[in-house]
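Q: Those protein sequences? They're chains A and B, same order as listed. Using the numbering used here, the first residue of the first sequence is number 1, and each one after it goes up by one. Using the numbering used here, the first residue of the second sequence is number 1, and each one after it goes up by one.
You may find that some hints are simply not true.
[Unchecked claim] Here are some, though not all, of the chain A residues that point toward chain B, as calculated from beta-carbon distances under 7 Å: (1) C340; (2) A348; (3) G379.
[Claimed, not checked] DSBU-like, lysine-lysine: derived pairs with alpha carbons at most 35 Å apart: (4) B:K72 with A:K179; (5) A:K179 with B:K259; (6) B:K397 with B:K360; (7) B:K5 with A:K69.
For the record, the hints were derived by calculation from the structure and aren't laboratory data. Glycine included, each C-beta is placed from N, C-alpha and C at the ideal position.
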Amino acid sequence: MTLVITPWFGKVKIEDYIGAGGYQGARKALFMAPDEIIEEVKRSNLRGRGGAGFPTGIKWSFVPKDSPKEKYLCINADEGEPGTFKDKYIMREAPHLLIEGAIIASWAVGINTAYIYIRGEYGKVALILEKAIEEAYAKGFLGKNIFGTDFSLDIFVHRGAGAYICGEETALIESLEGKRGQPRIRPPFPATYGLYGCPTVVNNVETLANLPAIIKNGGEWFASLGVGKSGGTKLFAVSGHVKRPGLYELPMGTSLKTLIYDYAGGIRGNHRLKGVIPGGSSSPILKPEEIEVPLDYESLAQAGSMLGSGAVIVLDETACMAKVLQVITRFYAHESCGQCTPCRQGTAWMARIAERIVRGMGREGDVDLLMDIARSMMGKTICPLADAAAMPVIAICEKYREELEEHIRERKCPVERE
Amino acid sequence: MSSGKRVKIIIDGREVETVAGTLLIKAAEDAGIYIPRLCYHEGLRPDGNCRMCLVEVEGMRKPVPACMTPVKEGMVVKTDTPALREHRKKVLEFILTTHPMDCPICDQAGECVLQDYYFTYSLEDRRYKEERERKPKRVYWGKNLVYDAERCILCRRCVRFLDHVTKTGELGVFERGVHSYIGLFDGRKIENNYSGNLVDLCPVGAITDLDFRFKMRVWFLERTPSVCPFCARGCNIEIHTNTNPLTNRFSRQRVFRIKPRKNLQINRWWICDEGRYSYRFIDENRILRPMIKGRETTWEAVSKKLREIIGRDVRVYLSAWMSNEELVYWKRLADFLKWKASFVRKPDGDEDALLRVKDKNPNTLTCKILGLEEEGGQEEVAVVFHFPWAGEKHSFKIGIFTNSFEGMEEWDLILPAATFAEKEGHWTNFQGLIQKFHQALQPLGESREEGEIGEVFASAFGIHMPWEREAMEREFEKEHRKWSGK
Numbered sequence: 001m002t003l004v005i006t007p008w009f010g011k012v013k014i015e016d017y018i019g020a021g022g023y024q025g026a027r028k029a030l031f032m033a034p035d036e037i038i039e040e041v042k043r044s045n046l047r048g049r050g051g052a053g054f055p056t057g058i059k060w061s062f063v064p065k066d067s068p069k070e071k072y073l074c075i076n077a078d079e080g081e082p083g084t085f086k087d088k089y090i091m092r093e094a095p096h097l098l099i100e101g102a103i104i105a106s107w108a109v110g111i112n113t114a115y116i117y118i119r120g121e122y123g124k125v126a127l128i129l130e131k132a133i134e135e136a137y138a139k140g141f142l143g144k145n146i147f148g149t150d151f152s153l154d155i156f157v158h159r160g161a162g163a164y165i166c167g168e169e170t171a172l173i174e175s176l177e178g179k180r181g182q183p184r185i186r187p188p189f190p191a192t193y194g195l196y197g198c199p200t201v202v203n204n205v206e207t208l209a210n211l212p213a214i215i216k217n218g219g220e221w222f223a224s225l226g227v228g229k230s231g232g233t234k235l236f237a238v239s240g241h242v243k244r245p246g247l248y249e250l251p252m253g254t255s256l257k258t259l260i261y262d263y264a265g266g267i268r269g270n271h272r273l274k275g276v277i278p279g280g281s282s283s284p285i286l287k288p289e290e291i292e293v294p295l296d297y298e299s300l301a302q303a304g305s306m307l308g309s310g311a312v313i314v315l316d317e318t319a320c321m322a323k324v325l326q327v328i329t330r331f332y333a334h335e336s337c338g339q340c341t342p343c344r345q346g347t348a349w350m351a352r353i354a355e356r357i358v359r360g361m362g363r364e365g366d367v368d369l370l371m372d373i374a375r376s377m378m379g380k381t382i383c384p385l386a387d388a389a390a391m392p393v394i395a396i397c398e399k400y401r402e403e404l405e406e407h408i409r410e411r412k413c414p415v416e417r418e
Numbered sequence: 001m002s003s004g005k006r007v008k009i010i011i012d013g014r015e016v017e018t019v020a021g022t023l024l025i026k027a028a029e030d031a032g033i034y035i036p037r038l039c040y041h042e043g044l045r046p047d048g049n050c051r052m053c054l055v056e057v058e059g060m061r062k063p064v065p066a067c068m069t070p071v072k073e074g075m076v077v078k079t080d081t082p083a084l085r086e087h088r089k090k091v092l093e094f095i096l097t098t099h100p101m102d103c104p105i106c107d108q109a110g111e112c113v114l115q116d117y118y119f120t121y122s123l124e125d126r127r128y129k130e131e132r133e134r135k136p137k138r139v140y141w142g143k144n145l146v147y148d149a150e151r152c153i154l155c156r157r158c159v160r161f162l163d164h165v166t167k168t169g170e171l172g173v174f175e176r177g178v179h180s181y182i183g184l185f186d187g188r189k190i191e192n193n194y195s196g197n198l199v200d201l202c203p204v205g206a207i208t209d210l211d212f213r214f215k216m217r218v219w220f221l222e223r224t225p226s227v228c229p230f231c232a233r234g235c236n237i238e239i240h241t242n243t244n245p246l247t248n249r250f251s252r253q254r255v256f257r258i259k260p261r262k263n264l265q266i267n268r269w270w271i272c273d274e275g276r277y278s279y280r281f282i283d284e285n286r287i288l289r290p291m292i293k294g295r296e297t298t299w300e301a302v303s304k305k306l307r308e309i310i311g312r313d314v315r316v317y318l319s320a321w322m323s324n325e326e327l328v329y330w331k332r333l334a335d336f337l338k339w340k341a342s343f344v345r346k347p348d349g350d351e352d353a354l355l356r357v358k359d360k361n362p363n364t365l366t367c368k369i370l371g372l373e374e375e376g377g378q379e380e381v382a383v384v385f386h387f388p389w390a391g392e393k394h395s396f397k398i399g400i401f402t403n404s405f406e407g408m409e410e411w412d413l414i415l416p417a418a419t420f421a422e423k424e425g426h427w428t429n430f431q432g433l434i435q436k437f438h439q440a441l442q443p444l445g446e447s448r449e450e451g452e453i454g455e456v457f458a459s460a461f462g463i464h465m466p467w468e469r470e471a472m473e474r475e476f477e478k479e480h481r482k483w484s485g486k
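Could you put the whole structure together from the sequences, leaning on the hints where they help?
A: As structure tokens, then:
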């Protein structure tokens, strides 16, 4: 099995990274025409690894070529989706992979300044990144005349202050500008009006980390690793009730079941599987009978869920679904920026109902009310946070309705706990 | 934003022609189609946060905010589908989950957008049965502003006004989600000259006016269009009064507040705090009856007193606070009597880039158009309007004043004048625009408008010169045309 990212793990020092063939992709890229790179990336079927899965090459091609303004690259390292920890590993274990990816993306789009917006909680990781950037400058891989060409690139690390919403690209830009982190209304899109009103590309860490391999081996090679319109491999952050939680890199299209049972060691103890959240807390939960699904963007969408950030949260029979609902709704109520009425009020309302159910104070009709609130929020707000909060609620209410109703009726948790 | 190009769009099946780039919400409104909104205000940068104005545009996957969507040629828009009606109910329900149901004690009741919308678009039963969010109820923001964070619907009109109109930026949004509130930045107070506009902008009762709150229910107020006299800008205002003894039993106050009236040529949607809060002179400290040497007398006695000046050397100090009609009348009377005529006005004050101009009088330009000069003289007798200091150098002093002052006993005759709120007329603002102010109140006590007082003078001297306001108005229009060259 060909892996793209994890083989680089552990090569933190620039010497080790170069020794293993690092920076060859960037070197090659700088002697290619920018358009050639964009075409190569389009061919690779690389899709945004932050969660939305937008084709990266197409995103780049939206940036106007003739703009007289400065262009920026914002590297989204604000990994905040509950269950997700893939970007932290990349930055901690192979920071140069990200830097190399950033050089390639910047050259392709015509960017000379990149910002790594890293979540505030990743303090130590930020230090590792800063060290790596320093090393890259010392080698002449960053700064002026990279690899002796005319191309220059500066990278800055910017630490966030702990808001999930700042992982949304326009909120990230606002935050980077020193403003309150809240999403902007689109259009205009960042590609034309982003950071400081200039054309901006916002790419996820994992997305960029794939670029060196794409340049070295070609877009078609990368596409062939995956399946359909989802090229390459994907990092899966498995957590929850499995024997071996952790980070796994698998080709797109591998089944969820394979990931859980063959890689993560199956369900802990002698418990039975109850459900899997396949792509971070905002992706709709899948029941045990649905886990044959291949892990790629199209298949999961077809299954009514989403690949998201690839954070797989496994729940066994000991998990109380009311409690799951409470944890998820509380998170989104806490993280809603408060700008749009439906999201601000709806997330808080759902959280209060879920909390009440857990406390044994549920009322008849609560499940329907939850679903109605969630549906009223969807598609009505500036950014997708409302949808992210609503989707898991609807899925849990639909798929575990009986358990929730029992919890409400009996005024206590129906799940026997050890 | 607008290129001036005309485009045609379809709104609710109707063809609407407008300028390219106009915001959908405005284009619809101009065509008579009202799209409900909470955060949108014509005078502020749109923000799209309340989600009330979502409409369906053909070809768009999701409903879009009409306040953030510029029109494009051929756009097909629906503003009133079942889905949108349902959505509006939901937005209102969402807001009402945390908004307190204290309309009976809320000053905004009766002119509250949220209240009106609930009746227009919702009327649904309450489904929110959780605890309410607790937030500060009385935060003093400076001057007359009190903020109630629980009533606040976070539309941010106030923040945007201070950011983009006054550019003073005192307010921000703090905290997140349902805990969000509007707050002052550290060490700041709202002390700019336009703070009162925040009360008008707030669509609910979150920002109330210390000057007004708890004094009067808004549905008891009569609203009279008028013009602000406090500077030469001539901002368009409404005077809100209540003189009904059944609903205003315990106060002597007749004017309860001044509100701006939209006029895009002059004040747009705003007025300054001086104009808003300086109305008390209309009800307080007024001269109610004629006075001879500080002692009250009757209008009958006035004529006799006036005859004492026949044949003497007289200067009349007209004022930049008189209406066009009154100035024309008095100028004519003075010319007929061969009196010297000049005018007096309040001294210049501060100005700013928004509305306030240096000249703190409503009608200086008319005085100038009529050829009056700001000058004094050594004449024996002075007839002084509004500004007592003008009479200082004269030995026989007749004053026509609205409010009492120190030293009234030195005046041979004082006649009580009606304030601008108690009469109608026109003023010419600094741009040369003639504007009408309407009568909101009856003159207090025995005070009379200056035109009528002129008639008292004329008849005392045996001159037939009736006070005919409309004739004077036409007369002034002639003078104005001559002046403007049109």
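Q: Hint by hint, note whether the structure agrees.
A: Structure-based check of each hint:
1. C340: 5 Å, holds
2. A348: 4 Å, holds
3. G379: 5 Å, holds
4. B:K72 with A:K179: Satisfied, since the Cα-Cα distance of roughly 31 Å is no more than 35 Å.
5. A:K179 with B:K259: Holds - the C-alpha atoms of B:K259 and A:K179 are around 34 Å apart, at most 35 Å.
6. B:K397 with B:K360: 25 Å, holds
7. B:K5 with A:K69: Roughly 27 Å between the alpha carbons, so the hint for B:K5 and A:K69 holds.
Consistency note: the structure conflicts with none of the earlier hints.
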